[in-house]
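2 protein chains.
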Amino acid sequence: MKEEFDQTLLDDTNLIEFLTNDSIDQFRDEFMQLHPYDQAMFFEKVEPDIRRKIFHYLSPKEMAGIFEATKFDDETYEFYLKEMEISYAADMLSCMYADNAVDVLNELGKEQVASYLILMDKESAQEIKDLLHYDEYTAGSIMTTEYVSIPETTSCRSAMKILRREAPNAETIYYLFVVNESHVLTGVVSLRDLIIADEETVIKEIMNERVVSVIVSEDQEEVARKIKDYNFLAVPVVDFEFHLLGIITVDDIIDVLDEEASDDYSKLAAVSHMDTFDKGSLQAAKKRLPWLVILLFLGMLTANLMSIFEQTLDKVALLAVFIPLIAGMAGNSGTQALAVAVRGIATGDIEKQSKMKLLFREAGTGLITGLICGIVVVGIIFFWKHDVVIGLLVGAAIFGSIFVATLGGSFIPLLFHRMKIDPAVASGPFITTINDLVSILIYLGLATFFISSL
Amino acid sequence: MKEEFDQTLLDDTNLIEFLTNDSIDQFRDEFMQLHPYDQAMFFEKVEPDIRRKIFHYLSPKEMAGIFEATKFDDETYEFYLKEMEISYAADMLSCMYADNAVDVLNELGKEQVASYLILMDKESAQEIKDLLHYDEYTAGSIMTTEYVSIPETTSCRSAMKILRREAPNAETIYYLFVVNESHVLTGVVSLRDLIIADEETVIKEIMNERVVSVIVSEDQEEVARKIKDYNFLAVPVVDFEFHLLGIITVDDIIDVLDEEASDDYSKLAAVSHMDTFDKGSLQAAKKRLPWLVILLFLGMLTANLMSIFEQTLDKVALLAVFIPLIAGMAGNSGTQALAVAVRGIATGDIEKQSKMKLLFREAGTGLITGLICGIVVVGIIFFWKHDVVIGLLVGAAIFGSIFVATLGGSFIPLLFHRMKIDPAVASGPFITTINDLVSILIYLGLATFFISSL
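As you go down the protein sequences, you meet chains A and B in turn. Numbered according to UniProt numbering, the first sequence spans residues 1 to 454. Numbered according to UniProt numbering, the second sequence spans residues 1 to 454.
Keep in mind that the hints were calculated from the coordinates and are not lab data. A few of these clues could be false.
Stated by the list, open to error - Example chain A residues on the side facing chain B (calculated, C-beta under 7 Å, incomplete):
id : residue
1  : PHE72
2  : TYR88
3  : ARG164
4  : ALA197
5  : LYS228
6  : VAL271
7  : GLY299
8  : SER307
9  : GLU310
10 : ASP314
11 : VAL316
12 : VAL321
13 : GLY348
14 : ILE368
Note that beta-carbon positions come from the ideal geometry of N, C-alpha and C, so glycine has one too.
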């Protein structure tokens, strides 16, 4: 989270020219003035042979800055690292903040990770090894160990000195974490409090003892919510005995929030979050086809079940006309209920209420919306076709479908949540296809019953 | 963004008891130890008569802290303010950071705003009036004027003094913004740089001159993206002549990102983002019905057009069996394309590429996915029904529908974006219903043509 403020208008052509002409000084003059984020954007855009030149012209430490500045696609980390000399890559990883290095290493195979760790300096390698143990998506996996901690008995003057010494390496110096002799977290002091305080004051007197912290095994979404709710710049990570293990900074949390939101969104539409605009048609098709083919088979199941009713459809062809309407309405109301449930789970609102109450609420919502849509349909069909029987039939089917779809749309994610499956997996198209099936069974079942009883 | 670290286990019953017994001291002892966020949670949970007691027991300044700590529902601000004495409410608004006070006032009627502004102290009222001018969703509407600015010629020692003096009022003291005599932004110094620097150094020498700033009229999403990409804690807001007007801090940006993500997600599912778990069935139904009824009419349009093909359906009832499958596949592939496009627009990725190239890409993706799904369907129907003609017909319809739906799913949001309409408005169910219509026209059109040419 170190600050860099350079605003830049990227002049790529110049930079590329310097590289192709091997004008190392001119390249460095221009390039090193860029903000690391803009450096990363340039780095990502150029051809592999240009990139290889960049590795020659920049130190591993400078390269580390570029890798820290942005999140590349998960798949490209391995790609970029393989373009580097192995010792250069290892040096670069040592220079990165441990949490960011771990993010990169997590995308690689075990053997590759081991080969880099051997070449790194011992201290960095050990820090990274410790972090690699933590499960993905936990606080441990996103925390960093580069924080500033001080003993309770330090004076504000010495604390300031420690801060000055640690500033070049710590990820944030705006919070100082106070620990006792067994490294148990006992308080926190913000740099704001520190600079206001008298120099002779002992930290213990100005520190805040009620520290909000997260347990190392806590879910990263949970951590994100705490930082967001409490407006923190960083939150300390502790083990079950409150030993301070690391910190998580707000910039990492923004990435987590962004990832989770994008992930939920993508799943609602049954696309991969890797399916972005910069990929080609073939790659996009590859990401989407698995979903489409699964949904195709589910759709064939619907068709198969519908063929039971072929006789009914043969008798009254008009029935077929309303199939898309009924299936569509079931799909729409199911998706609405699903979205509310998935979002409620994501924001944690759901923890505050009883699940049964929620299902009752959704049942109520389904009854009301179903009833009103059903009545509207009966009206429309009456005025349009002057047909009361078909109207009542379609109306009843819409009512039933919306009710079932709404209830199902909230029940399924809640069930998944309980079973510790990501509720967003029950994506929109998936729920929609299931609801197609159910609603058509309701509709044609009712129709068959009506016809045979006429 | 002032730091407060109190961790709390809320003991509501105690607090409520103190309030009902009018034990003001005991209440304050317990309550003031809570983190403002937790105070806000308590405040929101209790009954109106309890809340009125809280207003008696807390100063307007303390109440301001509660209002700053969290975003209440837009609708409840007016509600809470009306529970207070008008002068108490005005005092509270004066004590809030100007940007947060504006957030609250934006939810009220003009007359009400005026009545509060009259009662406020002049300086706060003027700051708020200035901010109220900015359009919603722009940088100006979310910035605050409580920043620390210093002249270029200040020494680090004096800068530190200014910082100490401003610390109680400024929203962040971790960045110092450097201005010239006409208040034009010329640089920025982080507190990190300041404490490392020698006390005698002049700010001009250590400041960073290439400041990333945002224009006051810039869209808040744009601002959020900058803070996220560059990992800033705050970004300065300037006018077109680079006069420093205010700053936007990272905590406000997290709220913006969260809001935008939740908004896009809700629209994809055609629900209101106000439709949350804590509302009753009736309220939820009210939020969802407008969408459902619109979609119902669209669905009736489909049914209406389908009835053109009643004769065809009458001849071959088996045709009806595949309608949900074809409409479903069109809906699914359209939603996928839509989601990728909406997300590309939201993340700004879209600006980097030509729109035509994107449409070509999606056309390619539609061709590939359509072709493969079409072939799979022909195979399934051949093995299941041993019917080549129906198989080819359904296969062709699936191919055509997926192609058109994919292209439409990306074209419509791009068109909306160009027309400056929020592309997320083209929600999933909306696109799905349109795709139902198109795909069924393709399918039954093909079928009618086949049958008449047999």
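Chain B contact restraint on VAL271/A - CB to CB distance below 7 Å: holds (5 Å)
Satisfaction of the SER307/A interface hint, Cβ to chain B closer than 7 Å: Since the shortest Cβ distance to chain B is 5 Å, the answer is holds.
Status of the hint placing VAL316/A at chain B (closest C-beta pair under 7 Å): At 9 Å from the nearest chain B Cβ, VAL316/A fails the 7 Å test, so the hint is violated.
Hint status (Cβ of ALA197/A to nearest Cβ of chain B, threshold 7 Å): Violated - the Cβ of ALA197/A stays beyond 7 Å from chain B, reaching only about 10 Å at its closest.
Is the shortest C-beta separation between GLY299/A and chain B less than 7 Å? holds (4 Å)
Chain B contact restraint for ILE368/A - C-beta distance below 7 Å: Because about 4 Å separates ILE368/A from the closest Cβ in chain B, which is inside the 7 Å limit, the hint holds.
Given a cut of 7 Å on the nearest C-beta pair, is the interface hint for GLU310/A held or broken against chain B? GLU310/A check passes; min Cβ-Cβ to chain B is 5 Å, inside 7 Å.
Closest C-beta approach of TYR88/A to chain B relative to 7 Å, hint status: violated (25 Å)
Should the interface hint for ARG164/A be scored as holding, given a Cβ-Cβ cut-off of 7 Å against chain B? For ARG164/A, the interface hint holds, since the closest Cβ of chain B sits about 6 Å away, which is under 7 Å.
Does the interface hint hold: is PHE72/A within less than 7 Å of chain B, judged Cβ to Cβ? violated (13 Å)
Closer than 7 Å between Cβ atoms is the bar; does VAL321/A clear it against chain B? Give me holds or violated. Since the shortest Cβ distance to chain B is 4 Å, the answer is holds.
GLY348/A was flagged as interface toward chain B. Is the shortest Cβ-Cβ separation under 7 Å? Since the shortest Cβ distance to chain B is 10 Å, the answer is violated.
Taken one by one, the earlier hints fail for this structure at numbers 1, 2, 4, 11, 13, listed in ascending order.
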